[in-house]
Amino acid sequence: MINIVFFEYEQKRPFSVHATTDGIPASLPFPKRFLKKQLLQLSLSRWQAGWDNGDSGRSVYSIIPKISRKQLHWSRECIEFATGHGPFPSYLKRFGSHSTDYC
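Each residue of the sequence shown is one higher than the one before, counting from 1 in the working numbering.
A portion of the hints provided could be inaccurate.
List time: in silico DSSO-like cross-link candidates among lysine-lysine, alpha-carbon distance up to 30 Å [claimed, not checked]:
no., residue 1, residue 2
1, Lys-70, Lys-93
2, Lys-93, Lys-37
3, Lys-32, Lys-66
4, Lys-70, Lys-32
Derived CB-CB ranges, DEER-like [said to hold, decoys possible]:
no., residue 1, residue 2, range
5, Gln-41, Ile-64, 13 to 21 Å
6, Ile-79, Pro-31, 19 to 27 Å
7, Lys-37, Thr-83, 17 to 25 Å
8, Trp-74, Gln-48, 31 to 39 Å
9, Glu-77, Phe-34, 39 to 47 Å
10, Pro-31, Ile-67, 23 to 31 Å
11, Pro-25, Ser-56, 42 to 50 Å
12, Cys-78, Arg-33, 30 to 38 Å
13, Gly-84, Gln-41, 17 to 25 Å
14, Ser-45, Glu-77, 30 to 38 Å
15, Gly-50, Ser-27, 29 to 37 Å
16, Glu-80, Gly-54, 46 to 54 Å
17, Lys-37, Phe-81, 32 to 40 Å
18, Glu-77, Ile-24, 53 to 61 Å
What the hints contain is simulated information worked out from the structure, not anything from laboratory work. No residue lacks a Cβ here, since even glycine has one placed at the ideal position from N, Cα and C.
Construct all of the structure, not just a fragment, from the sequences and the given hints.
Pasting the structure below:
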C-alpha cells in the first residue's frame, strides 16, 4: 500500500522538482556576491546602451544622459518643464487648446 502511494506521488511531481533534486551538481569558481555585481554591471551597461541609441525620450536624454539606479527627486513641475509636456503655450497649441505657441 505504501509503495503504491509513493509511486503515484513520484508520477505527479513536476519536472522542475526532478531538475532541482536529480540535477548535476555544479560549483561556481566565484563568490555569489561577485557574480551578482557582474550581472548588475552588465545589465546597467546594456540599459545605458539602449538609452544612448534609443529613438524615444530624447528630450529627457538631453537633460539626463546617464542612467542611474538612484532616484531623482524632481518635482512634477520641473519634469513638465524639462520635457515640454506641461501646460505651456507651445504644448497646448499642438492640441488646439491655445492660439499661439508664445509664452
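Hint check results:
no., hint, in the structure
1, Lys-70 - Lys-93, "violated, 35 Å"
2, Lys-93 - Lys-37, "violated, 48 Å"
3, Lys-32 - Lys-66, "holds, 28 Å"
4, Lys-70 - Lys-32, "holds, 23 Å"
5, Gln-41 - Ile-64: 13 to 21 Å, "holds, 20 Å"
6, Ile-79 - Pro-31: 19 to 27 Å, "violated, 40 Å"
7, Lys-37 - Thr-83: 17 to 25 Å, "violated, 33 Å"
8, Trp-74 - Gln-48: 31 to 39 Å, "violated, 20 Å"
9, Glu-77 - Phe-34: 39 to 47 Å, "holds, 43 Å"
10, Pro-31 - Ile-67: 23 to 31 Å, "holds, 26 Å"
11, Pro-25 - Ser-56: 42 to 50 Å, "holds, 46 Å"
12, Cys-78 - Arg-33: 30 to 38 Å, "holds, 37 Å"
13, Gly-84 - Gln-41: 17 to 25 Å, "violated, 33 Å"
14, Ser-45 - Glu-77: 30 to 38 Å, "holds, 33 Å"
15, Gly-50 - Ser-27: 29 to 37 Å, "holds, 34 Å"
16, Glu-80 - Gly-54: 46 to 54 Å, "violated, 21 Å"
17, Lys-37 - Phe-81: 32 to 40 Å, "holds, 37 Å"
18, Glu-77 - Ile-24: 53 to 61 Å, "holds, 57 Å"
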